[in-house]
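Counting in this note's numbering, the sequence shown runs from 2 upward without gaps.
Don't take each hint at face value.
Said to hold, decoys possible - If you anchor each label on the Cβ, the simulated ranges turn out as follows:
hint : residue 1 : residue 2 : range
1    : VAL133    : LEU22     : 41 to 49 angstroms
2    : TYR46     : ILE125    : 20 to 28 angstroms
3    : ARG23     : SER110    : 33 to 41 angstroms
4    : ALA45     : PRO147    : 30 to 38 angstroms
5    : SER128    : ALA45     : 39 to 47 angstroms
6    : ALA26     : GLU58     : 17 to 25 angstroms
7    : VAL133    : ILE8      : 38 to 46 angstroms
8    : LEU75     : ILE8      : 18 to 26 angstroms
9    : TYR63     : SER161    : 20 to 28 angstroms
Hints listed in this document are in silico derivations from the structure and should not be mistaken for laboratory results. If you're wondering where the values come from, they're calculated on a predicted model, not measured in any experiment. Cβ coordinates follow ideal geometry from the N, Cα and C atoms, glycine included.
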Amino acid sequence: FYLNEEISLHPGDRVLGAFSLRYTAPGGASEPTWHSGNGVFLLAYPKGDCTVVPTEEISWQYMPALIRHRVAELLEQLLPADAAPFLKALLLGDTGDMDYGVLTDLSVSGIRHVAAVSGLHVSILMSVIYLVFGRNRFVTLIAGVPLLILFAAVAGFSPSVIRACVMQ
């Protein structure tokens, strides 16, 4: 979704207007694009002015996106500008704000996986739950499974997070 101006959007907000849509997967355009490789299969370009209608009541389906949005905002407020993008990548799997040079350096050195949410995060989360509930396996299961599902939703259900949650 591309806009010509900077508009603040929050989970649950609706954007009204006329849009031109472009399918990015192979066969949807004359040639495949970078977007389809990153899980973006539809691009929207505005045709004229757009109106943002803020949501009055946030539905439960938008809660993971809202949590992700709020955590990202909090990290940007509390941390220096060079550290916030890296911590957002570690906690949320969001590498969108990381410097291109840093991402390239991580890839070239073979440690790009450090900036991805994976099994390490899930095992630390479940270890904390296990210790908090006094090593009671049943209570850990009852508290941990919903927390794992919420964590996977906040992290965007990436394949590495889903695999880690299933393995846990």
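Each hint tested on the structure:
| no. | hint | result |
| --- | --- | --- |
| 1 | VAL133 to LEU22: 41 to 49 angstroms | holds, 47 angstroms |
| 2 | TYR46 to ILE125: 20 to 28 angstroms | violated, 41 angstroms |
| 3 | ARG23 to SER110: 33 to 41 angstroms | holds, 35 angstroms |
| 4 | ALA45 to PRO147: 30 to 38 angstroms | holds, 34 angstroms |
| 5 | SER128 to ALA45: 39 to 47 angstroms | holds, 42 angstroms |
| 6 | ALA26 to GLU58: 17 to 25 angstroms | violated, 34 angstroms |
| 7 | VAL133 to ILE8: 38 to 46 angstroms | holds, 41 angstroms |
| 8 | LEU75 to ILE8: 18 to 26 angstroms | holds, 21 angstroms |
| 9 | TYR63 to SER161: 20 to 28 angstroms | holds, 23 angstroms |
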